[in-house]
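With chain A's structure known, arrange chain B on it following the hints.
Note that the protein sequences, when read in sequence, are chains A and B.
If you're matching positions, the first sequence starts at 1 in my numbering and goes up one per residue.
If you're matching positions, the second sequence starts at 1 in my numbering and goes up one per residue.
FYI, nobody ran anything at the bench for these hints, they're computed from the structure.
Keep in mind that the hints are not guaranteed to be accurate.
As the list claims (entries may be wrong) - Simulated restraints on C-beta separations:
id : chain 1 : residue 1 : chain 2 : residue 2 : range
1  : B       : P659      : A       : E60       : 32 to 38 Å
2  : B       : R317      : A       : W46       : 52 to 58 Å
3  : B       : R231      : A       : D41       : 39 to 45 Å
4  : A       : G54       : B       : A391      : 33 to 39 Å
Ideal placement from N, C-alpha and C gives every residue a C-beta, glycine not left out.
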Amino acid sequence: MTTLTDISSINYRSILFDSTRCIDCRACMVACSVENKVPNDVTRIWVAGAGVIGKFPELERATMPYHCMHCHDPACASACPVGAYTKRDDGPVIYDPEVCIGCRYCMNACPFDVPHFEWDRGVDQHPEIIKCDLCSNRVDGGGEPACVATCPTDALLFGDRHELLQYAHQRIEEHPDRYIDRVFGETENGGTSYLILSHVPVEELGLPGNIPNYGVNKLSEQVMEATLPVAFSWAAILAGVTVGVRAVKKHKGEDSATEETEQES
Amino acid sequence: MTKQVSRRDFLKLAGATAGALAVGSMVSPQVASAAREAGLLDTQDNGYVSTMCEMCVWRCGVLAKVENGRVVKLEGNPEHPHSRGKLCPRGQSGLMNTYDPDRVLTPLIRVGKRGEGKFRKASWDEALDLTASKMQAIKDKYGPEAMVFSSTHNLSQVQFENLLYAFGSPNYGTQRSLCFNAMITAFLLTYGVEEPSRNYDNVEYILMVGRNMMEAISTSETGELSRALDRGAKLVYLDPRFTKTAAKATEWIAIRPGTDLAFLLAMINVITQNELADCEFVRKYVIGCDGIQEEMAKYTPEWAEQITGVPAATIDRIAREYAAAKHNALAHPGWRTSNFINSFQTERAIATLNALSGNVLRVGGCLSTEVAAEGAGLANPPQPAYPRSSAIRLDGAPWKYPLVPLKLGVFQELRDSILTGEPYQAHGWFISRQNPIMSLPDRGKTLKAFEKMDFIATVDIIMNDTAWYSDVILPEASYLERYDPMLPVGDKAFLRQPVIEPQGEAKSALWIYKQLGERLGLGDYFQYADEEDYLRQQIAALGVDLEEVKRTGYAELPASEEKKDEELTFNTPSGKIEVYSETLKNAGFSPWPTWEEPLQPAEGEFYLLTGKVAQHTQFGTQNNQLLHKYSDEPRLWMNAQTAEKMGLADGEWVEVTSPVGKAHSILEATQAIRPDCVYLTPGYGHLSKGLTTAFANGASDSALHLSYTDPISGSQALSQTFVTVKKA
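Just chain A, same shape as in the assembly (with noise of 0.2 Å):
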């Protein structure tokens, strides 16, 4: 039906994250906070994951800084009505709230509950959708996001996507006995700019565990790319049956002891 998307090809600048690492401080929430001037009721970034997992004294901990995932094919950029999602040729997935209508199709769309709205203002007040863009300002200046250029344990990388892919599988090679066997966005939703190395289920990071390994929005646009052929088709189909059931009243008219056979046929 669908195929996988090859994006081992393109050089998107990702991240990666390295759940073994973090120690959920959160400085890189606060600098996120700062770099972007985020509303201090908002956040980009938040804590996810199960917490403390176990019983005393047998106990693990599940967290991680959860944000945009810079999805190779973003759903939200294809709900967006107005095109207020643009997806960048080096990955960011960009956010105008100056097109953007609140419409909040994106929220629906994204398959990892990504991008929040500012409930609490008014339409006068224009509402935004907050969601991470990358830092793309300070990455097109040759820097790092803030996130990751704070992270006092570097459970967050910064670098080209297929570099940080060879190296996360190199992690688990080397240290099987630390890992999951899985790199979390390498193929779901058809790849992500937000790469995740764990050390638990990744349902226990709060990721969402089933996602296929293609965008989900291919579903949705082939359903739409369907819309005409399958309209002219009903179409086509509908104007049969009625064509017929008159035939067959007509019929029944003149002629009902002959019912059932006509049914029938």
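Coordinates of chain B only, in the frame set by chain A:
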């Protein structure tokens, strides 16, 4: 919010709530002229200024990004060894301290009752004249010792001490006895060094006793620990709570509070009885080599199992693993070690374990006891000799606590002496950048001590709780708005310089102390024209000019000679590591690390644990809106099974009662704590209505803590308070 509302009028403030303020909406931007003159900013006042963080005492290097005359972002300075390009959440939030809408921006003089929060604005001249005249009046009537001075761990502390010693008072309150007295006193006695530095380059086996490095973040050291663990080093972590450090440890041991000492003594027992130590090193460098085997024989792992609840086989195994790592083992000295009355002995046992591993042997070993001559190459302004202080100290050092270093002191005892009036009555208190109302145990007592004062003046940037109860508040410039004395780190002296001009009327501590000094007739002790003149005198001998230092953010210090292994000497009476200490023996204490039984909770009571969260520093940052945004709500942790047995549900209000106070908190029923303990998120429960974000949020454990003082180190035992919990 409007400018008028943001510029807090404290008379009308009660009940005001913090809005969703964008960072810094209150004062018109004004970039530091010095930074502009030094060429750090372009014609639009955009650029980066190198300075130093003050969100905790680790003091990372910071590059402050300025746009149109406003600080818009802080980055870790890659050239500074404490930050290496990184900042923790507190460091990242630093500009919100500067742009806090609750900043005190003019001197204030109290007009209502103390603690009522009624103040009027005053000019600097009026506020300084009043402060100096009150201090002088107390000095004239009762002697200089009737003025208490207290301040904690800041770069201008050298001039605070200058004011104190010039004034002639012996009463100096630091908060160190509430923090690291046990660690420092133990390492001074054993190694002759206050706080040995740690090196994780080659470490293979790390033992941390309640050192919650992943939440009590020291940016570079936390990063080093993380890297060491990543390359395979083992971390054994002792804590009754499953902290974020426990989550990263190879092995977490949920030890019974107060019994770490028994665990460590049993480790020493296993190592010495089985002769697993680096015997050559120990024979050459350790005093106590001969008697230790016999002395430690009684501390068997089986003995320790009874006390700690940790299986003897586990202790035995960990001791053997630790010994097998030889020089690459590290028993971390810890930092805030004010836990139990036996914390000094715990630190002595840690010092001993390091001595047995020989990890100080090499340059670059896991533990370094070499004291870099602090500030070598930096000069100070000239000054006359200090007057002799004729009075004994109120905090009992050294006449009651002979081994407590004077610069540490015993703060909780100082407060108690104010209350009792023994050995004499104090009448005035000058406080800078410190919040004793929140930090001292038994807050009720501290408030009573405040009531006994004739005069209290506080220097701070916001209306902290102590300022709220003061008579005069002198508004200090924030760390992004001022100069401080330079700080030597390694082979460089780093500069804190203003990124923006002070907002409102705020002034640097260097200026405030000098102004007070001059009004007290002590001008000769403050021979600097202004902050820049002070710095020029500091770097006079370094052959570099201040403009250059402003550009780079540091001055190179003269290189010190590298020590070689055979020169290994220690700054103790014997020149060796004193596991056996004559000094302790002569003072009437055990010369060996020795078991001391800590108090235990009665049936139905819990240990009340304190700790750290990564987003806050003690009691000073809860009003920072960015940190507030990203902190978990303050809670009382209780083991989920225990809570269920007691019929308490997660998220409900509970009342916590100790012998000295009550507190109300929302309960967090969690697996991450021992069933016999509760833990209250530290730093919350502020009393000052001048802190619109922090006021009345959470509960304060200082309202519950009992005062206990260790007679050797003067350390307060903060986890030795036992509480009951019931539905609120």
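We went through each hint and held it up to the structure:
Distance hint for P659/B and E60/A: a CB-CB separation of about 37 Å, consistent with the stated range 32 to 38 Å. As the Cβ distance of R317/B to W46/A is approximately 41 Å, the hint placing it in 52 to 58 Å is violated. Taking 39 to 45 Å as the suggested C-beta distance range, the pair R231/B and D41/A conforms, at roughly 41 Å. Evaluation of the 33 to 39 Å hint for G54/A and A391/B yields a failure: the beta carbon distance comes to about 57 Å.
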